[in-house]
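Number of protein chains: 2
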Amino acid sequence: MDVLEQVKFDDQGLIPAIAQDYKTGEILMFAWMNKESLKLTIEKQQAVYYSRSRKKLWFKGEESSHTQVIKEIYSDCDRDVILLKIEQIGGIACHTGRASCFFHKIENDNWSITTDIIKDPKDIYG
Amino acid sequence: MDVLEQVKFDDQGLIPAIAQDYKTGEILMFAWMNKESLKLTIEKQQAVYYSRSRKKLWFKGEESSHTQVIKEIYSDCDRDVILLKIEQIGGIACHTGRASCFFHKIENDNWSITTDIIKDPKDIYG
Chain A
1 MDVLEQVKFD DQGLIPAIAQ DYKTGEILMF AWMNKESLKL TIEKQQAVYY
51 SRSRKKLWFK GEESSHTQVI KEIYSDCDRD VILLKIEQIG GIACHTGRAS
101 CFFHKIENDN WSITTDIIKD PKDIYG
Chain B
1 MDVLEQVKFD DQGLIPAIAQ DYKTGEILMF AWMNKESLKL TIEKQQAVYY
51 SRSRKKLWFK GEESSHTQVI KEIYSDCDRD VILLKIEQIG GIACHTGRAS
101 CFFHKIENDN WSITTDIIKD PKDIYG
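The listed protein sequences correspond, in order, to chains A and B. Residue numbers for the first sequence, in the numbering used here: 1 to 126. Residue numbers for the second sequence, in the numbering used here: 1 to 126.
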């Protein structure tokens, strides 16, 4: 697959990937991909990441059913970052049960929590 | 600064940072920060990154005058990624002279270029 050859993976064979809601532009998640996960993402038109902690492919939504349907795939000027424009099935991207992982915000020199949990993780992964 | 202590830097002392237009939601750039650059970003309310290639602080816009004014700073669930909501001065975030760095898009199994150059880099950095 030619598109895979034109992307730069780092010295651990990984590339950062940002998942953005294709309609609202909200940034939902940040994760990593290896070549295999990017290949599978393109083939399945569903986000597949690489879990650095578990050291294996991470089929987003395999446990939670919160899969991410690919609408568009971008890379940056240096081709060393991937941007996925996605439809977030279930409306929950974060393992905490929130829509987006980016819910800590600096306010008055502290990190505040800006969004509520939509669904208890125990009910997602339990 | 307490907010700095609650963020996780990787084993090279770095954290990924995404710059997003605070009005349109467009993702403009991806770069890295070390603790000092995040501290300066908060203090100056202007994006300061860490250049891995040049191994030094990168005051975004110091050559191009395309600075990034901070509107909001977020981090994710694991606090190991930073999201900056910014106003892009000059409307050009990318060193290629484009509004955003994310201008390669997969179309028909190839990377297509989706946006035009706003200003020739020679006229930005020359």
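Hints listed in this document are in silico derivations from the structure and should not be mistaken for laboratory results. Model, not experiment: these values are computed from the prediction. A couple of the hints might just be wrong.
Unchecked claim - For lysine-lysine, the following BS3-like pairs were computed, each having C-alpha atoms within a straight-line distance of at most 30 Å:
(1) B/K23 - B/K39
(2) B/K8 - A/K8
(3) B/K105 - A/K8
(4) B/K35 - A/K105
(5) A/K55 - B/K8
(6) B/K55 - A/K8
(7) B/K105 - A/K39
(8) B/K56 - A/K71
(9) B/K23 - A/K23
(10) B/K122 - A/K105
(11) A/K71 - B/K35
(12) B/K56 - A/K8
(13) B/K35 - A/K55
(14) B/K55 - A/K55
(15) A/K122 - B/K8
(16) A/K105 - B/K55
(17) A/K44 - B/K105
(18) A/K119 - B/K85
(19) A/K85 - B/K71
Hints and how they fare:
For the hint pairing B/K23 with B/K39, the CA-to-CA distance comes to about 24 Å; that is within 30 Å, so the pair holds. Simply put, B/K8 and A/K8 have alpha-carbon atoms about 25 Å apart, close enough for the 30 Å limit, and the pair holds. Under the criterion of a C-alpha separation no larger than 30 Å, the hint pairing B/K105 with A/K8 is consistent with the structure, at around 15 Å. Between B/K35 and A/K105 the CA atoms are separated by roughly 17 Å; this keeps the pair inside 30 Å, and the hint holds.
For the hint pairing A/K55 with B/K8, the CA-to-CA distance comes to about 20 Å; that is within 30 Å, so the pair holds. Of the pairs offered as hints, the one joining B/K55 and A/K8 holds, with about 20 Å between alpha carbons and a cut-off of 30 Å not exceeded. For the suggested pair B/K105 and A/K39, the alpha carbons sit about 15 Å apart, so the restraint of at most 30 Å is met. Between the alpha carbons of B/K56 and A/K71 the distance comes to roughly 37 Å, so the proposed pair goes past 30 Å and is violated.
Between the alpha carbons of B/K23 and A/K23 the distance comes to roughly 14 Å, so the proposed pair stays at or under 30 Å and holds. Straight-line distance between C-alpha atoms of B/K122 and A/K105 comes to about 37 Å, which puts the hinted pair past the 30 Å bound. In summary, the hint linking A/K71 to B/K35 is not supported, as the alpha carbons are separated by about 35 Å, beyond the 30 Å threshold. Taken as a hint, the B/K56 and A/K8 pair is honoured in the structure, with Cα atoms around 22 Å apart against an allowance of 30 Å.
For the given pair, B/K35 sits about 27 Å from A/K55 by alpha-carbon distance, which is consistent with the 30 Å threshold. About 29 Å separates the Cα atoms of B/K55 and A/K55, which keeps this hinted pair within 30 Å; it holds. Proposed proximity of A/K122 and B/K8 is supported: the alpha carbons are some 25 Å apart, at most 30 Å. For the hint pairing A/K105 with B/K55, the CA-to-CA distance comes to about 28 Å; that is within 30 Å, so the pair holds.
For the hint pairing A/K44 with B/K105, the CA-to-CA distance comes to about 17 Å; that is within 30 Å, so the pair holds. Between the alpha carbons of A/K119 and B/K85 the distance comes to roughly 26 Å, so the proposed pair stays at or under 30 Å and holds. With a C-alpha separation of about 23 Å, the suggested pairing of A/K85 with B/K71 holds against the 30 Å cut-off.
Checked against the numbered hints above, the structure violates hints 8, 10, 11; every other hint is satisfied.
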